[in-house]
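Trainee: As a plain string of letters, each chain reads:
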Amino acid sequence: MLKTYIKYILLIAVLSINSLYAQFYFFGRNKVQYENFDWKVLKTDHFNIYYYGEFEEMAKIGASYAETAYEEYKVKFNGYITRKIPLIFYNTHIHFQQTNTSPGFIPEGVGGFFEFMKGRVVIPYLGSLARFEHVIRHELVHVFMVDKILNQLRDRRQQAKLPPLWFVEGLAEYWSTTWDTQAEMVMRDAVLNNFFVRLEDLIYLRGYLMYKEGQKFLEWVADNYGEEKIYLLLENFWRFKNFYDVIEFTLGEPIKDIGEKWHFDLRKEYYTLYDDRYPHHIDAHKLTKTGFNFSPNYNLKGPNKDLYFMANRSGYTSLYKMKVDSTLKSEGEAELIIEGEKEEAFEAFHFMDNSLDAHLDKVIFVTKSGRSDVIHVYSIIEEDVIETLKWDNIISIKAPEFSSDGNKIVFNAIDQKGFNDLFMYEFSSKELRRLTNDYYGDNEPTFGKDDKLVYFSSDRTEGNFQQFENIFTYDLETNKINYVTYVDANLNKPQFTSDFEELYFVSDYDGNYNLWKLRKDEIDRPIGIEQVSRYATSLYDFTITENNKIITSGFEKFSMQLYSMDKDIIPDSLKTIVDFEWDRTAERWHAEKIALDPKVDQVVYENEYTLDYAVSQFATDPVYGPRGGAILSLSDLLSDDKYFIALYNTAEVQSEFLRNVNVSISRVNQKYRTNYAFGVFNFSGRRYDIRESSSFFWERIFGGYVTLLYPFSKFQRLEMTATIANSDREEDDEIIPRKSVLVSNSIQFIHDNSIWGSTGPIDGTRFRFLVGYTTDVKFSNVNFYSAMADYRKYFRLGRRITLATKASVFINHGKEARRFIAGGSWDLRGWNRWSIRGEKLWLSSIELRYPLIDQLQIRFPFFGLGFTSIRGALFFDAGGAWDEEYEETLGSVGFGIRINVFNFIALRYDIGKKIEKNFTQLQPKLFYQFFFGWDF
Amino acid sequence: MGFLRETIKILFIIISVLTGCTNPIALKDARLNDEGLMSYGVNNQRNFYIDKNLDYENLELAWENTTRGSFDNFSVTIYDEFVFSPDLSGRVYVFDRETGKLNGHEEESGEMPVTVNIKNNKFFYFVNNFKETYFTMYIFNYKQGSLSEEIKIKGKCSNEPLQLEDGLLVLTEEGRLLKFDFLGTKVWEYDSKEIAVSDPAYIDGRIYWGSINGNIFSIDDKSGKLNYKNKISENRIEAGITLTNTFGYLSDVEGILYKIKLKDGIVENEISLESAAKNNPIVNGTNLFIGDMSGVIYSIDLNEMEINWSTEVDGVLNANALLFNNVLVQPNLNRKVHFINVENGNIEMEFEYDARVKMTPVFYDYTLYIGIDRGTLFAYKTN
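In order, the protein sequences belong to chains A and B.
Using my numbering, you'd call the opening residue of the first sequence number 1 and step up by one each time.
Using my numbering, you'd call the opening residue of the second sequence number 1 and step up by one each time.
Just so you know, these hints were derived from the structure itself, not from any lab.
Please note that a few of the clues may not be correct.
[Stated by the list, open to error] Below are the DSS-like pairs computed for lysine-lysine, each with C-alpha atoms no more than 27 Å apart in a straight line: (1) Lys148/A - Lys131/B; (2) Lys101/B - Lys76/A; (3) Lys193/B - Lys261/A.
[Claimed, not checked] Per label pair, the in silico range of CB-to-CB distance: (4) Thr133/B - Phe105/A: 41 to 51 Å; (5) Gly285/B - Asp223/A: 53 to 63 Å; (6) Val600/A - Asn120/B: 56 to 66 Å; (7) Asn193/A - Asn230/B: 28 to 38 Å; (8) Asn303/B - Glu227/A: 32 to 42 Å; (9) Asn325/B - Val600/A: 33 to 43 Å.
If you're wondering where the values come from, they're calculated on a predicted model, not measured in any experiment.
Beta carbons: idealized from backbone N, C-alpha and C, even for Gly.
All chains should be modelled from the sequences, with the hints used to inform the complete structure.
Mentor: In structure tokens:
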């Protein structure tokens with residue numbers, strides 16, 4: 001967080017005086033504010049809950065969950081949070097991605113977060129009240145834990161610190177939910193397939209597995225040492241610097257022994273699964289080998305009976321097609337149909353969501369496109385998208401399915417109220433019909449026989465099995481909803497066979513997702529469910545084919561692959577059969593909402609500004625002498641509106657103190673689609689202008705700037721900057737100070753759809769075009785035009801191999817045009833850093849990026865060092881710089897090593913030869929160059 | 001001579017820097033009159049009851065002073081003209097009882113989690129040592145201003161010691177009960193082998209406490225032998241026990257409050273509270289008062305174990321209250337102290353602070369002592 005704010009400060013400092021110096025810049029994607037959120041606040045006893053639009057009913061339900069959790073956690077943590085906790089709700093994940101409370105992009109898999117600086121909890125609603133409650137509880141565990149730990153350390157006058165992330169997230173999961181199917185899916189796979197990370201190494205683990213291992217460890221501690229030990233781990237946290245010492249002290253055993261016992265118990269628990277369960281690749285044919293492959297859809301009635309599916313194999317989630325023969329074995333590699341996440345139309349596919357159906361000559365699939373999800377209709381014949389469907393009130397869409405005649409589709413979607421309901425669209429009439437309209441989560445609809453009924457999964461289950469997801473029907477003629485199944489398990493993704501005789505679905509009845517089917521009596525009434533598969537790790541999705549086969553998407557070895565299996569894969573003796581025990585007297589369940597006085601407790605949001613951070617520093621520089629200053633940042637609670645204030649002084653002697661005051665005040669607003677920033681500045685002090693090799697001067701420059709940023713999409717934007725600055729410069733070799741009043745304007749277009757590896761971009765394209773004009777409006781000392789073009793393309797040669805190319809030209813032309821600089825590890829390697837100068841500059845590079853060492857670990861007696869993803873590079877650079885007349889072309893060739901250090905910085909080391917004398921000869925010896933910085 | 005002066009000056013500066021401007025405790029003028037409140041709780045039965053009325057409406061702030069670290073649920077102790085207070089940053093302080101002026105402090109590396117005990121010219125304080133798997137009992141001679149003994153004890157100190165006529169009883173969190181004489185010599189030890197986060201209490205030669213496993217222990221004070229261990233709850237016990245002549249009262253983490261016959265540890269009666277209670281019940285012979293973690297304060301008939309009244313406040317009540325004949329003084333983690341009418345449960349008055357109230361209040365010589373987070377100690381005088 002601090003690093004990001006420092007980036008803002010630097011950005012503003014650069015912008016405020018440096019349209020002139022526009023050589024260093026950012027590409028980057030855009031967080032587009034499509035919505036103008038009209039925020040409101042619910043004030044409860046312990047929370048201020050921020051919501052917008054029509055989300056009030058869901059916000060009140062969320063408030064009730066939050067207050068209930070608060071009462072529970074204050075007892076659990078033996079603590080009380082004396083401030084009101086801000087909870088910020090978004091009605092969908094799509095809106096959540098627009099939040100400014102986190103400066104970076106929010107991936108699809110993030111279900112909410114607790115932000116430390118302002119103590120905010122930010123949560124999207126994802127279509128399920130059970131999940132909403134879980135996430136609220138999870139984040140509140142963080143709130144209470146952080147409060148407890150920080151108070152504990154402050155009580156003892158110790159420096160603030162937190163436990164390792166695996167414990168933080170593990171505790172949040174452990175105290176917010178029970179061990180569920182998703183957790184079991186991940187842990188089984190980790191233990192059975194040797195992805196499990198030992199206790200001593202958990203501090204290096206990241207990702208979802210970290211959450212689940214942390215949760216599992218705490219459950220194991222509670223079972224084997226007592227629930228109170230969990231609490232004592234928090235109570236003893238202050239006592240040792242290393243958290244493993246805390247564990248040892250609390251549990252009374254060495255960490256190695258604890259870890260080994262835990263691992264042994266896990267293996268005992270999970271290895272026995274193989275007594276009567278099996279991996280996906282046993283008795284099934286594996287259709288795919290790499291990446292994450294999901295949402296399979298066999299086009300039984302299509303022209304070629306191809307298999308369509310979503311996959312992420314390269315970093316971009318995309319739509320694929322695979323030809324399969326009559327035995328459902330693949331005939332060759334999968335073919336990329338639509339590449340996602342490179343252009344606005346297919347901005348994002350929803351990872352691991354059911355979002356695809358193929359029928360007859362069409363394929364429908366869901367992507368995010370602009371402000372909401374849309375459904376694309378792809379013609380198999382024309383091999384192109386022929387129609388895109390979107391609706392104003394619908395934000396998030398899932399699971400579209402065709403009717404038998406192909407004229408209708410049914411899907412579930414989240415609207416502005418946050419309701420996750422069923423919708424049906426008819427192509428011929430272009431009419432959208434809403435089937436359900438309530439806060440129960442309705443999912444994955446499919447048409448029944450003759451398209452009269454819609455079968456779907458929903459948490460509206462009542463009675464003994466309240467809120468489990470069972471299968472229901474919606475009668476399109478009578479609008480009535482009826483039960484199909486009634487069990488204490490979750491049943492998802494109902495699918496009929498082509499003759500509609502059998503209904504299959506995925507269920508977690510036995511603790512893991514597997515395939516089941518409906519049992520009916522002699523008069524076709526549903527009476528129970530019957531197990532069809534018994535995989536040890538989850539069967540996540542499936543599609544019905546013919547010939548008694550089913551294609552599945554199975555989770556194994558931390559990836560999802562497609563398999564074809566027989567329907568009758570398990571013997572009758574291993575099938576679990578469950579009979580329905582209907583609870584006919586059950587009443588409909590209702591979610592509790594918090595009761596509030598609308599006049600007092602429901603208000604419109606007004607900007608509430610608080611200090612984000614204040615940093616001061618004093619330093620002594622051997623060349624420039626002492627300097628010191630402070631940076632402050634303020635923003636409103638939603639971080640839409642920010643103020644940055646920098647104040648520092650570079651005086652070397654007391655008499656110069658007032659002369660060397662530097663101050664910059666800026667405002668950055670990101671509430672609207674057009675972001676804007678403006679500010680004023682005064683900078684004075686001694687400078688060395690690296691563009692002029694002999695120039696060393698004192699300058700005072702003060703003025704103001706305004707910047708507008710308009711994103712066309714996630715990938716493209718326009719930036720406009722105008723600056724006016726009064727400059728008084730005293731050069732050492734001049735008697736009369738040089739004055740100017742500089743007005744600088746620039747406009748630039750930026751495109752970036754690249755994706756990054758560990759040290760730089762590996763795929764996609766990014767480019768930037770800028771034109772600008774700078775003039776001295778008072779003294780006519782300066783007057784030049786600027787034009788810049790920078791184009792970079794990354795050709796993916798393999799999953800981890802990229803050919804990166806760059807071509808750029810920088811032109812300043814006119815009176816006292818500023819020079820550009822080059823040389824060094826960032827552009828012309830081998831040449832001295834920033835030693836090449838000219839008003840015109842061109843650069844180009846070709847670089848082959850490849851994996852060099854996947855993992856390097858060095859263990860010393862008392863500590864260890866580890867590096868992963870050390871990359872190699874073979875490069876060729878060329879360029880030239882000149883003022884009036886072109887002088888010579890310079891170049892270099894060589895190879896290098898790149899290491900990513902904690903995702904904060906990349907270290908670079910290059911070895912090669914310069915190409916000298918106007919590109920005619922290689923340097924006799926080698927150069928060796930070490931520096932930092934990401935790949936271009 | 002000049003050289004010597006310079007040398008002494010330099011040495012003085014070095015020593016001052018090294019000692020970090022400390023203010024050691026040396027109370028040469030303290031009288032050995034045995035007057036004060038020299039250990040936690042009003043008495044060893046831990047009933048936190050003062051048999052008089054509190055004129056709460058005329059409480060006026062006499063002084064306040066600040067410690068470096070924060071307070072926990074322990075209390076101050078009073079001896080002669082001095083108030084002793086530990087804090088969680090590892091310091092113990094002595095304040096002047098009249099003026100609140102700091103007379104001195106000692107510091108160790110760790111936290112001081114329990115109340116200071118005082119006997120004659122010594123006080124006893126306990127430190128959970130930083131980066132160590134033991135805690136230390138320090139015996140400090142406050143008249144001489146020097147440390148007499150340091151006794152390392154394996155484990156963690158989280159339960160209030162008991163001060164008897166002939167020594168101190170220390171119950172570690174690991175469930176070991178140790179008796180020391182006032183010179184620091186261990187007299188006996190009993191290992192219950194069960195986690196104990198329950199302040200023990202003493203009556204008639206026996207010590208009692210509850211364990212994490214839901215057992216109640218009774219140990220003979222003279223021999224250190226087990227009288228009985230009895231399972232009274234299926235849930236964890238994390239609260240202290242309060243004793244009358246015949247019964248003991250304590251609650252478990254599910255909020256069940258037990259009335260136990262002391263002679264054999266059998267449960268005589270029980271009552272369910274709204275939530276867990278982690279503090280001691282407080283008894284005055286007729287009724288029992290207890291605050292639970294959800295913020296409800298109860299008055300319960302001691303004989304029938306039925307609720308007389310209950311009052312709900314917004315907060316967490318994990319510190320022990322102090323009972324007078326007319327009011328119950330209840331600290332609340334939500335920055336308040338409530339003065340509650342013992343007859344009907346009405347909140348007669350509240351003090352509100354800008355930090356959490358965790359310290360157990362103490363009343364002595366018409367002065368009420370209250371401590372809040374960040375280590376501010378208030379002394380209120382009344383009539």
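Trainee: Run every hint past the structure and note whether it holds.
Mentor: Against the structure, the hints come out as follows:
1. Lys148/A - Lys131/B: With Cα atoms ~20 Å apart, Lys148/A and Lys131/B stay inside 27 Å; holds.
2. Lys101/B - Lys76/A: violated, 38 Å
3. Lys193/B - Lys261/A: With a Cα-Cα distance of about 21 Å, the restraint between Lys193/B and Lys261/A holds, given a limit of 27 Å.
4. Thr133/B - Phe105/A: 41 to 51 Å: holds, 45 Å
5. Gly285/B - Asp223/A: 53 to 63 Å: violated, 43 Å
6. Val600/A - Asn120/B: 56 to 66 Å: holds, 60 Å
7. Asn193/A - Asn230/B: 28 to 38 Å: Taking Cβ atoms as reference, Asn193/A and Asn230/B lie about 49 Å apart, which means the hint is violated.
8. Asn303/B - Glu227/A: 32 to 42 Å: Holds, at about 34 Å.
9. Asn325/B - Val600/A: 33 to 43 Å: holds, 40 Å
In this structure, the earlier hints numbered 2, 5 and 7 are contradicted, and the remaining ones agree with it.
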